[in-house]
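K.L.:
Sequences are here, hints too, so could you generate the full structure?
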Amino acid sequence: DQQVKQNSPSLSVQEGRISILNCDYTNSMFDYFLWYKKYPAEGPTFLISISSIKDKNEDGRFTVFLNKSAKHLSLHIVPSQPGDSAVYFCAATSGTYKYIFGTGTRLKVLA
Amino acid sequence: DAGVIQSPRHEVTEMGQEVTLRCKPISGHNSLFWYRQTMMRGLELLIYFNNNVPIDDSGMPEDRFSAKMPNASFSTLKIQPSEPRDSAVYFCASSLYRGVNSPLHFGNGTRLTVT
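Chains as they are written, first to last, in the working numbering: chain A, 1 to 111; chain B, 1 to 115.
Everything labelled a hint here was simulated from the structure, so no lab data went into it. Some hints could be false.
Straight-line Cα separation of at most 30 Å, DSS-like style, residue types lysine-lysine; simulated pairs [claimed, not checked]:
#	chain 1	residue 1	chain 2	residue 2
1	A	Lys108	B	Lys68
2	A	Lys98	A	Lys71
3	B	Lys24	A	Lys71
4	A	Lys68	A	Lys5
5	A	Lys108	A	Lys54
6	A	Lys5	A	Lys108
7	A	Lys5	A	Lys54
8	B	Lys24	A	Lys37
9	B	Lys24	A	Lys98
10	A	Lys37	A	Lys56
11	B	Lys78	A	Lys98
12	A	Lys37	B	Lys68
Computed from a predicted structure; not experimentally measured.
P.N.:
In C-alpha cells form, the structure reads like this:
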C-alpha cells in the first residue's frame, strides 16, 4: 500500500516556465512533508519542507503548497532552469523518524 | 562538512557471495537510516538507528540482511548470501533528531549488482 504517491513518472517543461510536481498521500496522520531532488549517481538532497499547520512555504524559486483536505501537495518551480532537471521525491512523516517516500517524478527542463 | 560518506560506490558480485556496504554519517548526527531504491518501490526504509541502537528493522527484507552501528561514526549493511533480486541502489542517510522533524541527509549511494 503506497501511502505517498507521485502519479507522474516524468514531466517536461520549457526553460523559464513553471514546473508543477504533484504528490498525493493517504495517511491523515502525516504532519510534515518534504521534497528532495536527486541527480544521477548522487543521493537525494533536501529541497524544501512544509508543516501541516501551513498551506504554503516558499524558498526562492521553490514553493510547496499543501492541501490537507485533498491530501495533496505540490512543488512549484518558477522560473524553471535546465539545472532543475532531476528526479524529485516527495516524502511524508507523522512526527516520527519514519519518512515515507514517493516513487519520484523525473523533471526535464528544456533549454 | 563532508556529508554522509558511503563505500563502495559500485559493487558487482555473484549470487551467494557476502556483500558489505559501509556508511559514515555526518558528525554530530544521532540518527542513521539505510534505504533501498528500486524502480518499482522507490525509496524503502530498511533500518533506523538512534544513538547507535537499532530502533526499527521492520523494513529489512529477510534474515539475509543485517546491519550494525558499532559507534557513532560508522555503520554497515551486510547481505549474506546475496541474490540477484537484491540488486538496487542502497542509500545511507543521517539526521539530528531531537524529537522534532528534521530532514535526512543522504550519501551518494552504493549501486549493488548481483549476477
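K.L.:
Compare the structure with the hints numbered earlier in the document and write down the numbers of the violated ones, lowest to highest.
P.N.:
Of the numbered hints, 1, 3 do not hold.
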